[in-house]
Every structure is written in structure tokens, then in C-alpha cells.
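A.B. asks: Protein chains in written order, with the numbering used here: chain A, 1 to 256; chain G, 1 to 256.
FYI, nobody ran anything at the bench for these hints, they're computed from the structure. Incorrect hints may appear among the rest.
Unchecked claim - Straight-line distance between alpha carbons at most 30 Å, and here's what the computed DSS-like set of lysine-lysine pairs gives: (1) A:LYS118 with A:LYS104; (2) G:LYS151 with A:LYS205; (3) A:LYS118 with G:LYS151; (4) A:LYS104 with G:LYS169; (5) A:LYS19 with G:LYS151; (6) G:LYS247 with G:LYS151; (7) A:LYS68 with G:LYS151; (8) A:LYS173 with G:LYS151.
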Amino acid sequence: MELQFSEVTKSFGDLNVIKQFDSTIGTGEIVALVGPSGCGKSTLLHMVAGLEQPSTGNLRADGQSVAKPSPKRTLVFQEHALYPWMTLIDNVALALEFQDTPRKAALPEARKWLARVKLDGFEDYYPHQVSGGMRQRCALARAFIARPQVLLLDEPFGALDALTRMTLQSVLKDLIEEERPTVVLVTHDVDEALYLADRVLVFSKRPAVILKEITLGHIPKTHDLTAFADIRRDVLNLLGIDTDTTHAVDAEGEIS
Amino acid sequence: MSNAQSTGVASKRAYVIAIAVILFFWQVAAWFLPDFLMPDVHVALQRLWEELNSAEFYEGLGNSMSRLGIGYGAALFFGIVLGLVGGTLNAVRSTLKAAIIILQSIPSIAWVPLFLILMGFGNLPIIVVVAIGAFFPTALSVMNATESVEKVHISAARVMGASKLQMLKRVYFPAVTPELITGAQLAFGNAWRALISAEMIVGFSAGLGKSLAYSGEIADMTGVMTNILVIAVLAAVIDQVILERIKHRLLRYQYL
Numbered sequence: 001m002e003l004q005f006s007e008v009t010k011s012f013g014d015l016n017v018i019k020q021f022d023s024t025i026g027t028g029e030i031v032a033l034v035g036p037s038g039c040g041k042s043t044l045l046h047m048v049a050g051l052e053q054p055s056t057g058n059l060r061a062d063g064q065s066v067a068k069p070s071p072k073r074t075l076v077f078q079e080h081a082l083y084p085w086m087t088l089i090d091n092v093a094l095a096l097e098f099q100d101t102p103r104k105a106a107l108p109e110a111r112k113w114l115a116r117v118k119l120d121g122f123e124d125y126y127p128h129q130v131s132g133g134m135r136q137r138c139a140l141a142r143a144f145i146a147r148p149q150v151l152l153l154d155e156p157f158g159a160l161d162a163l164t165r166m167t168l169q170s171v172l173k174d175l176i177e178e179e180r181p182t183v184v185l186v187t188h189d190v191d192e193a194l195y196l197a198d199r200v201l202v203f204s205k206r207p208a209v210i211l212k213e214i215t216l217g218h219i220p221k222t223h224d225l226t227a228f229a230d231i232r233r234d235v236l237n238l239l240g241i242d243t244d245t246t247h248a249v250d251a252e253g254e255i256s
Numbered sequence: 001m002s003n004a005q006s007t008g009v010a011s012k013r014a015y016v017i018a019i020a021v022i023l024f025f026w027q028v029a030a031w032f033l034p035d036f037l038m039p040d041v042h043v044a045l046q047r048l049w050e051e052l053n054s055a056e057f058y059e060g061l062g063n064s065m066s067r068l069g070i071g072y073g074a075a076l077f078f079g080i081v082l083g084l085v086g087g088t089l090n091a092v093r094s095t096l097k098a099a100i101i102i103l104q105s106i107p108s109i110a111w112v113p114l115f116l117i118l119m120g121f122g123n124l125p126i127i128v129v130v131a132i133g134a135f136f137p138t139a140l141s142v143m144n145a146t147e148s149v150e151k152v153h154i155s156a157a158r159v160m161g162a163s164k165l166q167m168l169k170r171v172y173f174p175a176v177t178p179e180l181i182t183g184a185q186l187a188f189g190n191a192w193r194a195l196i197s198a199e200m201i202v203g204f205s206a207g208l209g210k211s212l213a214y215s216g217e218i219a220d221m222t223g224v225m226t227n228i229l230v231i232a233v234l235a236a237v238i239d240q241v242i243l244e245r246i247k248h249r250l251l252r253y254q255y256l
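Make a model of the complete structure from these sequences and hints.
C.D. replies: Have a look at this one:
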């Protein structure tokens, strides 16, 4: 599914969140939106999901104006989006039940998807009984089970520790390779963006405009991102993070 | 789990001690007052035993319980519906809530003269008064809980393509259940008070309240104390055994 933004703006009252966003995200492309927190990238994602409407401008999915949510464009939230009153398998099956699949047919499918994210054996656990990483695995299963054409990820692993986050990034990468949806990932983890995305859009502070667009192409990658060191430094600098080593030595010198 | 069990045992022990203390003070009062003013505990218990073997007692009990069941049941049903609908309609919510808070401050027994004239001498005014007493706390608790359902839970259902009805059944209803149960227990206390007092005033056919009022009229203090005993024990059993059990069943996921 192709996503087309033309002159999209968004403001909440007097607050300008997004200023003139123009972009096209091709079918099957994996695009990461990186920027300082509160810059409006999540709002952009919510607009693609149909949870919010642009103030002006146009947002189209395969040529159709996006007016409301659709299971074709699903969204994975940062955390707490699983229903605490349902077991993991019920949470996953619910995505199908909401599309009027009978529960009898939804349950085996949910079981299959839990196994795909390595949660077999945990079907009957409640979300609060498993770790944060397992909850997000379940959230991924719930998103993929509906076979979305667009997968939107809103800092999906932001609340996890570094090691769990990397494991889950690999799980997500494999699922994307197998299912090939169009992916829009919002993150402030630069490494996550470089590891998962084919293209990275770096956003400014609010109101969000694109500072830089980096095309990596769809190439095989591992968590060893040394080949992307220059790009990484570039992005970090754009986000206002100091990477100048001479500077760092100076600072250390001052302390000692 | 072991924690929940040990607090269960502790609270049971607390109840046993509390009952012993109450009975002790009653007995002390009976020692100091003449028998026609305050009967001994064992005399009242003996009367209770006689009552339990009389058909008359069961007729009154049955009448009271069906009035309670119909009134309380209707209050729960309409309270849940109004609470869910009111909680999701931003436009009317604050007005509705204010109206409930005002009406709630009227003691339910104050409605008796109105309904007695409006509906005539019979079961109906008692049932309506019971329902009024239970309706407001139920509606208010459900409305407050509906208002504070986590946004991400609603958004997640929307992106999964939930219809309005599915959203109500699968998201809102289970999300408000914990507060609903608290409200329903509060509502039961109101309903019970309303039932006994309305029966005492209206005095239509047999019932626990009528039986109490009648004992008072003929200055049968043993009868008065026996009736009070029955009213107290029934309330405790319904609240602590039946409602608590339903609560644990419905909120099973929280106790794991």
C-alpha cells in the first residue's frame, strides 16, 4: 500500500505540530521517522492510522483519502495496549474477532501467531504475568495476525531494556521480511532506525519539518552498524547530540 | 496468591471477632435492662429458630428478596447502560453527572410518598424506591470509569477495526468492571436500606421490614431484635459471600 502525503499540516488549537509535510512512502518500503520527542512524528503516524485527521492537506493510502481507521493500516503502540483482562491468546485473537472472524477460527490462528513470536506455552497467561518484552511480542502478533498492508509502529520498544529491544528488533525484522507490509516506524533510537529501515527521515523540533532524508535501500543488515557510522554521526548531530571527540577529551580534561 | 489467601483468613477472623463483640455488648445491655426492653441474646436466637421453622417467615423473606432482586437488578442494568452511554458522550457527561449527584443526595426513602400516590399501594413503589437507591451509585461509578478508560485501549480497538458495539462489549465493559463492582456493592447497601425502610413505611404484604415494624408496634422487643438480627445477617451474607464471590470470578485476572 502506497502512502502519499501532500502538504499535510496539523495543529491542535494554536499549537503547530506538523508544517507542510510532503512525502511518498512506496508499497513495501520501510521508513523510519526519527526526531526529538514531542516533535509530532507520532501525530503523523496517528494520521496514517486514521486516528487523527490532517488540519490541511491530504493523506492518501493507495489513492484513497484516509478518513478513519482500518485494519489494513494497523498500529503498534509503545506499551499498555494489550487488554489486561484478556489472556495473550485472547488479545491476539481479538484482532480477528473485530473483523467478524468467529472465535473458533480465530483461536488456532492466534496460537500460530504466538508461536511465530516465540510465545508458545504462554497462551493462557495474562499480560501482567509476563515481561515487557513478551508483551510487545504479543503486540506484534496481534498486529500481524490481521495481515495489514501498512504496519505503523509508535516507538514499539521504547520502554524495553537495550538487550530485549535488540532481540525484538530482530523478531520484527524477520516478520517484516516474511510478510512484506509497508512499514512506518517512529523512534528516537537512531540505531533502531538504521537497523530496520530502508529510508530514514530526520525531523526537526516542533513544528516538524524534514531536516534530512537518508536512503539506505533494502539491504541485509545486522545489529553491527559500524558500516553506518558516518550516517549515524550525521543523524545524531542533526538531533543536537555532540559526537565531536576532541570536545569530549576537553571536557574530561576539565574534570581531572 | 498466598498473600491474598492469608488476608482472606485474616478478614474472616476479623469478622468472627466483630460478631462476638457485637453480641457481647447486646448481652451486656440485656443484663442491665429489663427483659421487656432488651431480650437476652439466647432468647432472640431461640425466637429466630422458631421463625426459621414457620412458613410465615419464608413468605416475608421471599417477598423481600424478590423486591430486592427486581429493584436492584433493574438498577444495575439501567445504571450500566446509562453509565456507559453517558461516559462516552462528552457533550452531556458533566450535566448528567451533576444531575446524578443532586438526585443521589435525596434519601431514597423520601420518594415513598410520591410513588405511593403515583403507583398506588403495592409492591411497585417499594421496588422503585429500592431501584432508585441502587441506580445512582451504579451509574456514577460506571460513568466515571468509562471516562477514564485508557486512551490507548480505545485507539488499539479502533485500529483493529472494532465496531461501536464490539468496542462497548469487548473494551469499555471489561475496562469498567472493577469500578462497576465497587459501585454495585455500594448500591447494594443503598438498596438494602431502601428496601427495609420502604417496607416498614408502606407495610404492604409480608416482608422483613413490615415484620420489624409490626414487632415494634406491639412492643415485642424479642421480635424486634430477631428481625434486626435477620436483616444484619442477610446483608452480610449477600455482600460478603455472594457479591465478593462474583467479584473474584469477574476479576479473576487481577488475582493471579
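A.B. asks: All the hints need checking, so say for each whether the structure fits it.
C.D. replies: Evaluated hints:
| no. | hint | in the structure |
| --- | --- | --- |
| 1 | A:LYS118 with A:LYS104 | 22 Å, holds |
| 2 | G:LYS151 with A:LYS205 | 25 Å, holds |
| 3 | A:LYS118 with G:LYS151 | 28 Å, holds |
| 4 | A:LYS104 with G:LYS169 | 18 Å, holds |
| 5 | A:LYS19 with G:LYS151 | 26 Å, holds |
| 6 | G:LYS247 with G:LYS151 | 25 Å, holds |
| 7 | A:LYS68 with G:LYS151 | 16 Å, holds |
| 8 | A:LYS173 with G:LYS151 | 28 Å, holds |
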